[in-house]
Each structure stands twice: as C-alpha cells, then as structure tokens.
Amino acid sequence: MIIYQILMCILILAVIPVCMGAGVISGFKSRSLASSLAFGYLVMMVSFELVTVPILLLTDYGNFRYVLWIYTPVMILLAVTGMVRAIRKDCLKEMIDSLKRDLTGILHDREQLIVWAIAALILIVILILVSVRVIFDGDDAYYVVQSLIAQQKGAMYSSNPYTGRAAAIDMRHALAVFTMWISYVGTVAHIHTTVLCHSILPLVFIPLTVIIYGQVGGVLLKDRRELCGYFVIFTELFILFGRVSMYTPEAFLLARTWQGKAVAANILIPMVLLTFAHISGEISRDEPEGMSTWLPMLLVNASAGIFSSLAVVLVCVMICAGGLVLAIMKRRLKPFLYAFLSCIPGLIYMVLYLYYTYFGWR
Amino acid sequence: MVDNIKDVFRVIWQYRGSGFLLVLYFIALIYLFITEKDKKNRFLVCYLPLTLLLIYISPVYYRIYVLGIDAVGTYYRNLWMIPVALTVVYAGCKVISAHRRIGAVIVAAAIILCGKFTYTAVESVRAENAYHIPQYVCDLCDEMTQDIDGVEIYACVPLEMLFYVRQYDSSICLIYGREAVEPVWGYYDRYYEAFELAETLDWDEVLELTRDPERGIGVVTYFVVPEDRDMDSDPVTHGLKEITKDNGYILYKDEIASEQIREVLKGTLYVE
Chain U
1 MIIYQILMCI
11 LILAVIPVCM
21 GAGVISGFKS
31 RSLASSLAFG
41 YLVMMVSFEL
51 VTVPILLLTD
61 YGNFRYVLWI
71 YTPVMILLAV
81 TGMVRAIRKD
91 CLKEMIDSLK
101 RDLTGILHDR
111 EQLIVWAIAA
121 LILIVILILV
131 SVRVIFDGDD
141 AYYVVQSLIA
151 QQKGAMYSSN
161 PYTGRAAAID
171 MRHALAVFTM
181 WISYVGTVAH
191 IHTTVLCHSI
201 LPLVFIPLTV
211 IIYGQVGGVL
221 LKDRRELCGY
231 FVIFTELFIL
241 FGRVSMYTPE
251 AFLLARTWQG
261 KAVAANILIP
271 MVLLTFAHIS
281 GEISRDEPEG
291 MSTWLPMLLV
301 NASAGIFSSL
311 AVVLVCVMIC
321 AGGLVLAIMK
331 RRLKPFLYAF
341 LSCIPGLIYM
351 VLYLYYTYFG
361 WR
Chain W
1001 MVDNIKDVFR
1011 VIWQYRGSGF
1021 LLVLYFIALI
1031 YLFITEKDKK
1041 NRFLVCYLPL
1051 TLLLIYISPV
1061 YYRIYVLGID
1071 AVGTYYRNLW
1081 MIPVALTVVY
1091 AGCKVISAHR
1101 RIGAVIVAAA
1111 IILCGKFTYT
1121 AVESVRAENA
1131 YHIPQYVCDL
1141 CDEMTQDIDG
1151 VEIYACVPLE
1161 MLFYVRQYDS
1171 SICLIYGREA
1181 VEPVWGYYDR
1191 YYEAFELAET
1201 LDWDEVLELT
1211 RDPERGIGVV
1221 TYFVVPEDRD
1231 MDSDPVTHGL
1241 KEITKDNGYI
1251 LYKDEIASEQ
1261 IREVLKGTLY
1271 VE
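Top line first, the protein sequences correspond to chains U and W.
If you're matching positions, the first sequence starts at 1 in the numbering used here and goes up one per residue.
If you're matching positions, the second sequence starts at 1001 in the numbering used here and goes up one per residue.
If we strip away everything but chain U, and leave its shape as in the complex, we get (with noise of 0.2 angstroms):
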C-alpha cells in the first residue's frame, strides 16, 4: 500500500502538473521543468475548478463521486495534451538540455557546488522541521476537515465542519475548492487528506514556493546567472525567518501550507510575478504585441478561484496594476486592456460568488 501511496503522489504532484504545465510553457521563449511544475498546478486548478464547482452546485450534497469520475479522465486527458504538444513543439528537449546545462553549470564550479548544496540543505532543514514540528492553527478545524468530510462521506460542503450537523452551503468558502483537491488527491492515493495536509502536502508546495521564486531570480539575474544559488538561499532564509508576525506569507507557508489563502500568497502571487516578468520580457522587443503574450497570465487569473475568493481580488488588482505602469511605461493603451482581459475569468468567479451570496445558491 505504502509503494501505491508514494507512486500515486509522485504521479499526481510531480508527473501530471509537469505533463500539464509543459504543453502551457511550449510557447515560451525560456522553457525549464521547473516553469513546466509551477504553470502545470495551474492547469491542475484550473481544471479541477471548472470540473467541481458545476458539480457542486448542481447535485445533490454536491457528490464528491462525480469528481472523482468526471476529473480524473480530464486529468490525464490534460497532461498527455500537454505532453504532446511539449514533444510537438520541442519543448521536452529544450526542458532537458537546460536542466542538464544547470547541473553540469553547477557541478564544474566549486563555488556553485557549495552555494547550491547549502541551499538544498537549508531546504532539507526546513522540509525537516515542517515535519516533525506542529504549528496549531484553529483555521485547520474547518479546511482539514472540509477535505476529509469529502473524502469519507463523500459530499461537499454539505454540513458544519465544526460540529458535523447538517448546513447550509457556504458560500464563502464553497466556491474556493482547493480543500476538495485535497480530498481528490488523498482519495485517488489512499491516504488520509488530514496525513496528506499535515505531512505531504508540506513536502510539495515549500519546494514548488522556492522553485517558483527562484524561477523569478532567473529573470531578475539573468546577467549575473552565478547568484541565483545565493538568491534560493536568501529565500529560504526568508522562509524560515520570516515569521515576524502571524500575518506574513513565510507564517502562512510553514504553518497552514495546506490551506488556499497560504498556497494563494506563497504561491499564486509570485505566479503572477513570474508571468509579469515572461511579459514584460516579450513586450520589450519591438514585435507587434498580441493577446496571446497574456494567455499564461489568464490562466494565473482563472486558477486564482480554487484557493480564496480574496486571491481573485488580490490578483486582479496586481495583474492590472501591472498593466497599468506597463502602460505607462510603453506609452500605449494596449498592456492595460489585456491585462484587463486576462481578469475577465476573475471577474465572472466575483459575479457568481456574489451572486450565490446574496441570492442563495438552489
């Protein structure tokens, strides 16, 4: 059992998003794995949204089997699309070469050796300490259990997590399904979604807040690619360290990993930085600039809806914020519309949110 649990989640938290995310990095100029993982979980959220929340709404104690029969079809139908068109389009290629280039970059360089095996070190600590160590948090009474009501009984957000009794959909909480991929994942891999919170899931989302920052480094260092081993170390410093108050991304990573709004600011926010930076590098060149330069940050917008509804506002405001100084900065209208464009899956999540607040949702 233990060798089905380990395959199941090395298959659905590594292969599948890498699978997914390979066919979205295609039409990139830069393609790495590490880009292919971080937009794959998009893709991931993105589709498992789009697949529950319907099936939410419209059956009966929203019955979590239809996820699991409905999605996991979708699921693999997304990753051998993606794989596809990465192989189509010589992605895959290009994602091994310059992995290999990195590591042998690594390994020739003494100092790049050293600045690269502390930073997997202090890595190694963290991932150690999330696991033998417990911070309480009483939010986990509701979004662990929300996930584990799912998975042993089957329905979704159909009664008070606190107490057990049958409720009253929330609608606050309802249409933000992160706490029901939990359950997806534990149900499909046989383990317990309070084990996969507390000890897997912890295991996956520090590497992939890392990777994606360090992603961002690449850009931000691309001149100077010998302090990207210094950058992934200062930012995990900065993990580790930074839990100045209860309030702070780096306190809601290592202690609530597991629930939306930690995976939304450690995550999902350096997402959307990570595609401004693709953006901006392509509407830097003199080429007449398209909507399809913003489809990866539509995509960002649209996975924004699985884990709170307050990330679909917080990202909104940054993708146009954005659009607004590349505006200004190009001295053309056109950023500004389409990253008004991209916000437009953001803007239908706000209308049907509201919408089940204030009207009821049968």
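Wrong hints could be hidden among the right ones.
Said to hold, decoys possible - Using 30 angstroms as the maximum straight-line C-alpha spacing, the simulated DSSO-like pairs for lysine-lysine come out as follows:
| no. | chain 1 | residue 1 | chain 2 | residue 2 |
| --- | --- | --- | --- | --- |
| 1 | U | LYS222 | U | LYS330 |
| 2 | W | LYS1037 | U | LYS222 |
| 3 | W | LYS1039 | U | LYS29 |
| 4 | W | LYS1040 | U | LYS330 |
Keep in mind the hints are simulated off the structure, nothing from the lab.
These figures come from a predicted structure and were not determined experimentally.
Since the structure of chain U is already known, use the hints to place chain W on it.
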C-alpha cells in the same frame, strides 16, 4: 478619511510584528530605485510594488474592500501583493555581487537578525504522528464506536480536543464546535456552558441536555472528561460506563443514550 488611513497604517504596524523585515524591505526598495538600471527589473521590483503599495494605502481601496469585499480583520492580506521577500532577496544579491562570500554571510545575517525564527512560536510543538494530532486524541477517537452501523456518533469533548477530533475522524460529530469556543465570534452555547465552563461539572444538568429526546439519534453517546475535572458526582452512577483512560482523560460511554438511539430507530432498516 483620516480614520481609514490610520486603520491602514495600524494594519501595517501589526504586520511588521516583532522583526524588522519590513524596514529591510523599504531600505531594499529605495536601494533598487537608485541602482537598478534594467527596465524589466525596475518594473518588477520598483514600479509594480510601489503602485500596489499606493493602492493598498489608498482610502478609496480601503473603503471598497471593507464595504464590499471582506472584513477589516483580513485587510492585512492585501499586503501579500507586495513582493517583500523577492525585493529584499534581489537587493541582497545585487549588493553582494562584487564580494559574494563575505557579502552572502552579511545578507544572511541581516535576514536572520531582522526576522524571527518560525519554530520559536509558542504554538510550535513536536509532532506525535503523521496526522499532526496529539496521539491520545487519536487513541480516544479509536475507542468511540457506534453500536448501529451507519449512525453517527455524537461526542462531548474538552476544549483542548475540540479542534482535533473531526480532523481525525469526520464520522464523530461534536455537540458543540469551534463556534462555541472562539471568544471573538461571541456565540453562546448551552452545552459548552454546562460541560466546559461550569466550575463543577453537574452531570444531571449535562445529561438532561445531551439526552434530550428532541435530539433524536443525535444524543451524545461519548464523553471525554479530564481525570482532574471537578465533578458533583461519579458519572457511573448516572448510567455512564468507563471505557478507557488515556493521557489523563477518561472516556465514558452513555449506555442510556445508546438505548435511546435504538428506540428511535426501532422498526427502521437500521434496527429490526
């Protein structure tokens, strides 16, 4: 207007907490504004964060947020849009580019000294199992079984177990939950009042509530009581049976409540 601005800065002050990472951030931001030449980088670490900061402190945005989006209590989450870590780390890398080794040590020391180690928090304790739930809670939950298949168990547990029980087993329902115990939410719960808040546990009062026939099959069958709890009488004399003891807690089963459930379900598919 002035109150709104005060609120915004109060939130920043609370967010700053006990460390100096925000101070470090503003130093890094100013440094990058002066030294960063690359337009793309200036967009990511200077112009965009500054615009977001202006939006954050704008009273108009604050009013929209508070009136239409969420409560004041979550306004701090807007600060997540500001890339504090990214800016400090990037500025650190720029500073050390000429003297990497010694520079790295100084920047690392600055982050460590201005920050706060996460695991010094008082809430941080050793994990006892993969669930990250105290082991005695898991053991006590394992002992709670329902005689009739498909019928949910209702339990009454002390405050320190309240947040964990349903994370371990969602088929165990609780007579009162988090709503009753969060002081800021301000709900009144008569079960919580009788079982947890009363100085001396009055079993007659508690059992009158938990065995109320109006609860149907939702009557409480299990009670977890700390061994040192001040009680007016021995629960065994009230029809409760001691099942087990663990880590200073006693698990009782209410046989009379179990019988009540059987009576309610008599003649149904559950009980023939």
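Results of checking the hints against the structure:
1. Proposed proximity of LYS222 of chain U and LYS330 of chain U is supported: the alpha carbons are some 22 angstroms apart, at most 30 angstroms.
2. At roughly 13 angstroms between alpha-carbon atoms, LYS1037 of chain W and LYS222 of chain U fall within 30 angstroms of each other, so this suggested pair holds.
3. Among the hinted pairs, LYS1039 of chain W with LYS29 of chain U is consistent with the structure: their alpha-carbon atoms are about 19 angstroms apart, no more than 30 angstroms.
4. Proximity of LYS1040 of chain W to LYS330 of chain U is assessed by CA-CA distance (about 11 angstroms); at most 30 angstroms being required, the pair is judged to hold.
In this structure, every one of the numbered hints holds.
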